[in-house]
Each structure stands twice: as structure tokens, then as C-alpha cells.
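Undergrad: For any residue, its number in my numbering is found by taking its place in the sequence shown, counting from 1, and adding 2.
It is worth saying that the hints were derived from the structure and are not from the lab.
Heads up, a few of these hints could be off.
As the list claims (entries may be wrong) - Straight-line C-alpha distance at most 27 Å; calculated BS3-like pairs for lysine-lysine:
# : residue 1 : residue 2
1 : K592      : K56
2 : K37       : K56
3 : K194      : K155
4 : K477      : K632
Claimed, not checked - Simulated restraints, written as ranges between beta carbons of each label pair:
#  : residue 1 : residue 2 : range
5  : S586      : R629      : 38 to 46 Å
6  : A197      : A336      : 30 to 38 Å
7  : R159      : K32       : 34 to 42 Å
8  : K32       : T691      : 27 to 35 Å
9  : N51       : D686      : 53 to 61 Å
10 : E23       : G330      : 50 to 58 Å
11 : V684      : L653      : 40 to 48 Å
12 : G66       : F681      : 56 to 64 Å
13 : A197      : T333      : 48 to 56 Å
Virtual Cβ for every residue (Gly too), placed ideally from N, Cα, C.
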Amino acid sequence: MIYRTNEYLGYPDRISVPAGETVRFQLSSKRPNVKVEVLRLRCGDVDVNGPGFKYEVMTSNVDGEHACLDQPIRPGSNAIVEHDGALAPTGGHWCFGAYVCPTRIADNAKAVMGNWCEASGRGYALELDEEGCPVLVLGQSTGASARFTLDVKLRQRVWAFVSVAIDLVRRSATLSLIVPANGVQPTVAHAKSFALPLALALDSGLPFLIAAHHLNGEQQYASHFDGKIEAPRIFSRPLEAEALRVFDCQPRTGATEAGLVAFWDFADGISTLSVKDLSPNGLHGSLRQLPRRGVTGFHWSGSVHDWRLSPREYAAIHFHSDDIYDCGWQTTCALDVPADWRSGVYALRLTPGGNDPEANCESYVTFFVTPGRKSRRADFVIVASVATYLAYANSALRLYQVHFETLMEHVLWLPQDDVFMQENPEIGQSTYDCHVDGSGRAYSSWLRPILNMRPRGYWFNLINDTHILDWLEEKGISYDLITDVELDREGARALAPYRVVMTPTHPEYYSFSMMNAIMAHQNAGGRHISMGGNAFYWRCGFHPAAPAALEVRRGMAGTRTWESEPGEVHLAGTGEPGSLWRHSGFAPQKLVGVGFSAMINDTCGYYLRTAESEDARAAFIFEGVDRDEKLGDFGFRYNGAVGSEIDRYDLDLGTPRHALRIATSEGLGAGALPTPEEFRTVVDGLDGTQNALVRADMVFFETANGGAVFATGSITYGVSLGHNNYDNNISAITLNVVTRFLDPAPFVIPAQA
Numbered sequence: 003m004i005y006r007t008n009e010y011l012g013y014p015d016r017i018s019v020p021a022g023e024t025v026r027f028q029l030s031s032k033r034p035n036v037k038v039e040v041l042r043l044r045c046g047d048v049d050v051n052g053p054g055f056k057y058e059v060m061t062s063n064v065d066g067e068h069a070c071l072d073q074p075i076r077p078g079s080n081a082i083v084e085h086d087g088a089l090a091p092t093g094g095h096w097c098f099g100a101y102v103c104p105t106r107i108a109d110n111a112k113a114v115m116g117n118w119c120e121a122s123g124r125g126y127a128l129e130l131d132e133e134g135c136p137v138l139v140l141g142q143s144t145g146a147s148a149r150f151t152l153d154v155k156l157r158q159r160v161w162a163f164v165s166v167a168i169d170l171v172r173r174s175a176t177l178s179l180i181v182p183a184n185g186v187q188p189t190v191a192h193a194k195s196f197a198l199p200l201a202l203a204l205d206s207g208l209p210f211l212i213a214a215h216h217l218n219g220e221q222q223y224a225s226h227f228d229g230k231i232e233a234p235r236i237f238s239r240p241l242e243a244e245a246l247r248v249f250d251c252q253p254r255t256g257a258t259e260a261g262l263v264a265f266w267d268f269a270d271g272i273s274t275l276s277v278k279d280l281s282p283n284g285l286h287g288s289l290r291q292l293p294r295r296g297v298t299g300f301h302w303s304g305s306v307h308d309w310r311l312s313p314r315e316y317a318a319i320h321f322h323s324d325d326i327y328d329c330g331w332q333t334t335c336a337l338d339v340p341a342d343w344r345s346g347v348y349a350l351r352l353t354p355g356g357n358d359p360e361a362n363c364e365s366y367v368t369f370f371v372t373p374g375r376k377s378r379r380a381d382f383v384i385v386a387s388v389a390t391y392l393a394y395a396n397s398a399l400r401l402y403q404v405h406f407e408t409l410m411e412h413v414l415w416l417p418q419d420d421v422f423m424q425e426n427p428e429i430g431q432s433t434y435d436c437h438v439d440g441s442g443r444a445y446s447s448w449l450r451p452i453l454n455m456r457p458r459g460y461w462f463n464l465i466n467d468t469h470i471l472d473w474l475e476e477k478g479i480s481y482d483l484i485t486d487v488e489l490d491r492e493g494a495r496a497l498a499p500y501r502v503v504m505t506p507t508h509p510e511y512y513s514f515s516m517m518n519a520i521m522a523h524q525n526a527g528g529r530h531i532s533m534g535g536n537a538f539y540w541r542c543g544f545h546p547a548a549p550a551a552l553e554v555r556r557g558m559a560g561t562r563t564w565e566s567e568p569g570e571v572h573l574a575g576t577g578e579p580g581s582l583w584r585h586s587g588f589a590p591q592k593l594v595g596v597g598f599s600a601m602i603n604d605t606c607g608y609y610l611r612t613a614e615s616e617d618a619r620a621a622f623i624f625e626g627v628d629r630d631e632k633l634g635d636f637g638f639r640y641n642g643a644v645g646s647e648i649d650r651y652d653l654d655l656g657t658p659r660h661a662l663r664i665a666t667s668e669g670l671g672a673g674a675l676p677t678p679e680e681f682r683t684v685v686d687g688l689d690g691t692q693n694a695l696v697r698a699d700m701v702f703f704e705t706a707n708g709g710a711v712f713a714t715g716s717i718t719y720g721v722s723l724g725h726n727n728y729d730n731n732i733s734a735i736t737l738n739v740v741t742r743f744l745d746p747a748p749f750v751i752p753a754q755a
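Could you build all of it, start to finish, from the sequences and the hints given here?
TA: As C-alpha cells, this is what we get:
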């Protein structure tokens with residue numbers, strides 16, 4: 003049966019919840035009712051060749067039918083300043099303007115600043131029309147708005163200063179555009195004056211907006227600006243356009259500047275969702291839908307690349323008409339998680355309620371239950387890779403990247419979720435996708451429906467990870483589950499109760515706090531089993547002012563689908579550099595002995611043991627496994643345990659000198675290609691048939707205070723555990739490692755290390 007998976011959509015208010023606490027779910031559907039039940043997932047994969055879709059139905063307080071609203075998603079970022087009489091011109095003069103750098107001029111008007119309301123026709127606004135010409139919009143008491151246009155087009159990605167001077171005494175207005183000198187381009191200025199109608203209505207009674215205008219009075223917005231805006235300012239006295247442009251408000255002078263109504267300094271509070279007004283009026287505002295800060299502004303010199311060192315050079319905000327952080331839906335139900343529930347991956351199953359005949363509608367909302375505050379802990383914990391799930395959330399790469407079929411070496415096929423995303427782009431995409439203006443998406447949030455983080459869906463990431471959970475259950479290994487969100491917030495304390503930490507198939511995105519937590523645990527005698535590939539690759543961060551959002555800055559290297567703009571590699575939330583951990587001097591090899599080496603876009607491979615596997619230190623790993631066996635020449639992803647993305651041992655990148663490379667890959671083909679940072683010049687011989695660097699290595703080494711690390715170096719390793727009803731050499735090796743790592747007997751770093 004083909005299930006319709008998107009009749010119901012939803013998201014949790016918190017991605018992970020300790021047992022004994024409450025998580026709220028925001029659901030939406032065109033159907034009036036929804037039947038809710040809670041599942042604890044063991045394996046979320048419906049592949050007919052795999053272990054099967056396995057789960058336990060849990061009894062909870064949300065079981066049964068609930069009324070369900072059809073709740074819209076309203077993307078688009080803007081700044082909001084609450085209504086204040088000071089922001090409405092009442093007589094005399096009114097001058098306002100801002101630096102703008104539009105990144106998309108198309109389709110419709112783009113609002114810069116004002117309080118104009120489309121529904122009432124009241125207020126005023128400065129906009130760009132669909133051709134990029136500055137427009138002044140003035141409300142009238144009749145409800146019909148007057149529009150005045152300066153017929154000069156702004157260019158995309160070029161800074162300009164646009165402004166308006168209104169003289170309410172002489173009933174005139176002047177629209178001005180100044181393109182300041184840039185390189186060899188001299189300053190260019192244009193202006194046009196207009197006579198004003200008599201019956202103006204310039205106070206809409208609504209908040210003042212930057213980068214949008216009011217659709218109505220119900221917190222709905224339109225004409226979202228795509229591009230950067232810097233230093234919007236308003237004066238209640240006459241000023242020439244150039245004088246308005248060059249005015250540079252500082253806190254010490256703002257209070258004495260005659261006629262200053264507002265000067266919003268976006269350089270202040272870059273890591274926040276607040277916008278600060280430096281004028282005496284204190285007309286501070288807030289940001290909606292998480293536009294990008296920490297971006298270069300008009301004053302950027304190119305000599306600074308960290309916004310913390312020179313905030314004035316980063317005094318812009320990059321707004322997008324398709325930014326999305328929080329759908330803002332009403333709560334449908336609140337789950338009180340019983341204190342005795344086991345930690346793990348959970349999901350709401352959503353099906354039609356009442357007498358709805360559409361029995362083939364079935365959807366899911368995934369969340370994670372972590373051990374309760376006072377729960378007894380297992381000795382073993384697996385850390386769910388929420389940061390990576392978010393980085394890939396609602397990925398639309400195969401819809402919009404023209405080379406996708408060539409890259410993956412198969413014909414494009416579109417499951418339901420891809421079709422839904424194409425028809426409903428407001429749901430927001432992943433950090434691998436681009437905004438409508440072509441700039442990369444730096445943020446991804448769980449406060450929206452995520453279609454590819456659900457059971458029964460796309461196999462990458464979460465569903466692959468549930469194969470490991472299935473294996474742990476099958477082998478009777480007692481475990482807890484936490485997420486890397488807990489690592490980010492709590493650091494090493496989150497791992498302190500556990501002897502053994504396992505990271506799953508693809509822990510690609512790690513923050514500074516998360517990396518430090520893993521390293522501290524290893525150095526304190528903890529044991530770490532790294533079950534994946536492409537692990538600990540990108541440096542990222544959860545935004546402190548928007549805690550449901552992951553922030554990524556790509557930099558100019560690594561396997562990437564977009565690049566950061568020059569000077570924009572540092573995270574806005576923390577100020578830390580983004581890009582690869584390798585470029586922060588901490589390649590993954592320093593943590594787990596192996597680091598990203600290659601992508602595999604065709605058939606998978608397997609491992610063969612090396613001479614180092616015969617070292618007595620590694621004997622426990624291969625108990626019951628013959629010396630010459632092919633390790634993992636099977637599996638549920640392209641028939642091999644070495645596949646998708648693979649990591650290698652490399653002493654030059656920080657693999658510990660005493661680490662044992664106990665197995666290495668074989669059987670890779672021409673579709674196995676190195677990561678871009680591995681070669682400086684394109685030459686023949688880069689692929690897996692000829693390049694010795696294109697390989698996966700299995701590694702073991704001891705750490706301080708009796709700890710140890712075992713790393714597989716491959717994403718598909720964990721998806722091979724269940725082959726042949728769990729009776730295979732990958733399963734045997736993993737069980738040997740888990741058993742020994744749970745043994746409190748300390749490991750000893752060899753003397754020669």
C-alpha cells in the first residue's frame with residue numbers, strides 16, 4: 003500500500019525531552035481530526051530487504067483523536083518595532099532612508115522600511131518595485147495609496163543608499179538614490195520630487211517594519227526584501243539625501259542630534275534577535291524568522307573576516323523572503339512523557355480520525371526521549387545526530403541541482419516528500435540548499451515540519467541510525483540515548499555517567515561544545531565507538547538566541563553545495579569560525595583516528611584486515627572472525643559496509659601515532675571520489691580505482707586514563723549489522739568491541755606511543 007505521508011504535518015516544541023517532562027506538538031491538516039499514538043522506534047526502515055519497520059506502541063495521555071487546524075506557514079524575515087507615535091509623521095518634515103544591497107529583484111515589490119498596511123491603505127513605506135526602482139508609498143484617508151517612483155533601477159548585489167524627504171508644509175516629497183563610489187566606479191546620485199495629495203494617512207496604527215510591509219493587521223506580512231539592509235534612520239527635520247546618508251549615529255551623539263527619531267544600528271547585538279535604536283527614543287525592535295546577521299555591510303573593508311573584531315563593518319542584516327525559523331502554529335496536543343519510559347527515538351503516528359475513509363493517510367513527527375533527571379543510567383549511550391539531521395532537513399538538492407543524476411549515477415526519482423516540497427517551498431529547505439536569491443541557507447530549525455526525519459521515509463541519516471538501535475535491541479545491549487543537543491548545552495557533563503559513547507552513522511556536524519565534550523570524555527577514560535563516516539567534519543553551532551536553529555557557514559572548501567560570501571565564515575550566533583573542523587586545526591583524525599576521505603556514488607566496498615590487526619592489542623576485536631574474511635561484503639545500502647561517505651587514517655592530519663589501522667577498504671570503483679580539500683589540482687587518477695587516499699580505514703587506539711576509541715570510517719557500516727539475521731562478521735566485530743568497551747578493565751596506551 004502507498005501511504006500518503008503529508009496529509010498531516012507537525013513538529014515538536016523541543017526536539018528532545020527527558021522522561022518525566024512534557025513536549026508539545028504543533029500539527030496541521032486540512033482534515034478536521036487526527037488520531038494520535040506514540041511509537042518507540044526500533045528500526046524505521048521499510049526496505050523489504052532489511053530488518054523491517056519495528057516499533058513499540060506506547061500508552062500515553064495523547065492517545066486518541068484531536069481536533070486539527072489547517073495552519074499556514076508564513077516565511078520571510080523582517081524586523082518589527084512596536085507601534086509608537088514617534089514613528090508617524092504629524093507635520094513639518096520627515097526624512098528616512100537606509101543602505102540597501104538587493105540580492106533578488108524580481109516578481110514583486112520589496113519593502114525597505116515603513117509602517118504601511120496593504121489592507122487598510124494607511125501608513126508610509128519605502129520600497130523597490132519589481133524592476134528595482136525606488137518607490138514611495140503613502141497612505142490616504144480614502145484607503146487608496148499613492149505611489150511615487152524614481153525611474154532608476156538598482157543593481158543586484160551593489161550597495162546604494164535610498165531615501166525619502168517629505169515636506170508636509172509644502173506638500174512635496176523627494177525620492178533619492180545614491181550609489182557611493184566603489185573601486186573605479188564614481189558616486190552616482192539621482193533624485194525626483196513629487197507633489198503630495200492632500201488627505202494623507204501616514205499612521206497605520208501598526209508596528210514599524212524593516213524588510214516587509216503589513217499585509218493586514220493580523221501579523222501577516224508581504225513584500226519581503228531579499229538582500230542586505232544597513233542602518234535605517236529617520237529624522238523629523240529637513241536633510242539633503244547626502245547629509246542623511248553620511249550621518250553616523252553613535253550612542254554618545256545620538257541624544258543631542260536635532261530631529262533624530264530613530265537610527266537602528268544592526269552592528270549592535272549581532273548574536274541576538276534584537277535591533278537597537280541609538281536615538282533617545284529607544285525604539286528597539288526584534289527580528290522575525292531569523293534573518294542572517296554577521297554579514298558584511300556597506301563599510302566592509304575586506305581587512306577583517308571576524309565580525310567580533312569590527313562590528314561596524316558587519317552592520318547589515320541579510321533578509322530573505324523564504325527565511326523560516328518558527329511556523330508559530332498552535333499546540334494540538336501535549337505529551338506528558340512518563341518518568342519510566344526508556345530513552346530512544348520516538349514518533350507520533352498521525353492517521354485520520356472519526357469516520358474519515360482515507361485509511362492510507364499516515365504521517366509521523368519524530369522526537370527523542372532522553373533519560374529522566376533522576377533515571378538510572380546504563381553504562382552505554384548512543385548520541386543521536388540532531389545537528390546533522392537538521393543540516394539535511396528537507397533537502398531539495400535533487401530537485402534543483404542540475405548535475406544530480408550525473409553525481410549519483412542513476413535516474414532521478416521523486417518520492418512523495420520531494421513532490422510536496424516542490425509544491426510547498428514555504429516549508430523551508432536544508433543547509434545544502436539555497437534561498438531564492440541564490441545565497442546559501444545558513445539556518446535550519448526543528449520548529450517546522452521536517453519530512454526526511456521520519457520513519458518509513460528517506461533512508462539517509464535517521465533511518466540509517468535506527469539500524470544500529472535495532473542491532474542493540476537484538477543483542478540485548480542495555481543503552482541510553484541522548485542527542486548532540488544535550489552535548490552542545492551541557493558539554494562533558496552529558497557524557498559523564500557513561501563508560502561507553504557511541505556516535506552513529508553520520509555525525510557530520512559538530513559544534514565546539516560538542517567536540518570538546520567527546521574529547522573530554524575520551525581523555526577521562528571514556529570509550530568511544532564511532533560507527534559512521536564523514537564524521538565530525540563541519541563546524542557548526544546552535545544559535546543561542548534561537549535555540550531550535552542550527553547555523554552553518556560553509557567557507558570556501560569542503561564538500562559543499564554553496565560557498566559563504568567573502569568575510570562571512572564566522573557564525574552570527576557565537577562568533578566562532580564555521581567551515582571545516584580541519585581548517586580550525588582539529589581534523590577528525592585527532593578525535594577518532596579517521597577523517598573524511600571520499601564520497602561513493604556507485605557500488606559499496608568491503609574491508610580486508612591489515613597486518614596491524616594481528617597486534618595483540620586488537621585481538622579482542624576479531625574474536626570469531628577468520629583472518630582472511632572479507633569484512634562487510636554485504637549490507638542494506640548498495641551491498642557493502644564501506645560506502646556512501648568514508649573516512650581514512652592519516653598521521654599528517656592527526657591520527658594518534660599509536661593508533662592501529664586494523665582494516666582497510668577494497669572494492670571501490672570509479673564513483674568513489676576524494677573530497678575537494680584532498681587535492682589542489684584536477685588531474686587524472688583521482689578516483690577510487692587509482693587513488694590510495696580514497697579508502698575507508700577501521701582504527702583502534704587507547705586514550706588516557708584507561709579509555710579507547712574504535713572507528714569504522716564508513717556510513718554504511720551500521721546498515722550492514724542486520725545482514726543474515728544479524729549473523730555476520732560486521733555484527734561480530736561490533737559486538738566484540740561493545741563487550742570489551744563495557745568491561746571496566748582499563749586500556750593501556752603502549753609505551754612507545
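Undergrad: Each hint needs a verdict: does it hold in this structure or not?
TA: Against the structure, the hints:
1. A hinted pair counts as satisfied when its Cα atoms are at most 27 Å apart, and K592 with K56 does not qualify at roughly 37 Å.
2. For the hint linking K37 to K56, the alpha-carbon distance of about 20 Å falls within 27 Å, and the restraint holds.
3. A threshold of 27 Å between alpha carbons decides the hint, and for K194 with K155 the separation of about 13 Å falls inside it, so the pair holds.
4. Between the alpha carbons of K477 and K632 the distance comes to roughly 23 Å, so the proposed pair stays at or under 27 Å and holds.
5. Taking the beta carbon of each, S586 and R629 are about 40 Å apart, inside 38 to 46 Å as hinted.
6. For the hinted restraint 30 to 38 Å between A197 and A336, the CB-CB distance of approximately 58 Å leaves it violated.
7. At roughly 40 Å, the beta carbons of R159 and K32 sit within the given window of 34 to 42 Å.
8. In this structure the supplied range 27 to 35 Å is violated for K32 paired with T691, their Cβ-Cβ distance being about 52 Å.
9. Between N51 and D686 the CB atoms are about 37 Å apart, so this pair departs from the stated range of 53 to 61 Å.
10. A C-beta distance of roughly 22 Å is found between E23 and G330, which places it outside the suggested range of 50 to 58 Å.
11. In this structure, V684 and L653 break the distance hint of 40 to 48 Å, their C-beta atoms being roughly 26 Å apart.
12. For the pair G66 and F681, the supplied restraint of 56 to 64 Å holds, since their beta-carbon distance comes to about 58 Å.
13. For A197 and T333, the hinted distance range of 48 to 56 Å is satisfied, since their beta carbons lie about 52 Å from each other.
Checked against the numbered hints given earlier, this structure breaks hints 1, 6, 8, 9, 10, 11; the rest are met.
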